[in-house]
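*Asks:* With the working numbering, the residue at position 61 of the sequence shown is 62, and numbering never jumps.
The list that follows gives simulated cross-link-like pairs (lysine to any residue, SDA-like), each with its CA atoms no further than 25 angstroms apart:
| hint | residue 1 | residue 2 |
| --- | --- | --- |
| 1 | Lys65 | Gln21 |
| 2 | Lys20 | Glu67 |
| 3 | Lys33 | Glu54 |
| 4 | Lys33 | Asp53 |
Between beta-carbon pairs, the in silico distance windows are:
| hint | residue 1 | residue 2 | range |
| --- | --- | --- | --- |
| 5 | Asp3 | Glu62 | 40 to 50 angstroms |
| 6 | His41 | Glu4 | 49 to 59 angstroms |
| 7 | Val69 | Leu46 | 32 to 42 angstroms |
Derived by calculation from the structure, the hints in this document are not laboratory data. Cβ atoms here follow ideal geometry from the backbone N, Cα and C, with glycine treated the same way.
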Amino acid sequence: MDENQVLELVEFYEDMIEKQDEIIVRQSRFIKSLATELSHLRNMLNVEASEDERLDAGIIEEVKEEYVSMREP
Numbered sequence: 002m003d004e005n006q007v008l009e010l011v012e013f014y015e016d017m018i019e020k021q022d023e024i025i026v027r028q029s030r031f032i033k034s035l036a037t038e039l040s041h042l043r044n045m046l047n048v049e050a051s052e053d054e055r056l057d058a059g060i061i062e063e064v065k066e067e068y069v070s071m072r073e074p
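Work out the full structure: start from the sequences and follow the hints.
*Replies:* Have a look at this one:
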């Protein structure tokens with residue numbers, strides 16, 4: 002593999018990472034809006050979140066913090 006091929010692969014990899022980050026950001030915004038809507042519905046109907054949902058929310062927050070810290074230079 003010559004230097005040009007390696008540079009091409011690195012550029013391709015960087016592009017894929019940028020696209021992946023963009024997808025993650027957009028999906029996160031969408032999921033956050035759905036969670037807000039669900040929360041409003043629960044309040045209107047006076048329904049509590051299950052224990053599993055609370056645990057999942059905590060795990061998601063931890064993973065999100067890890068992801069953000071990994072992206073920082």
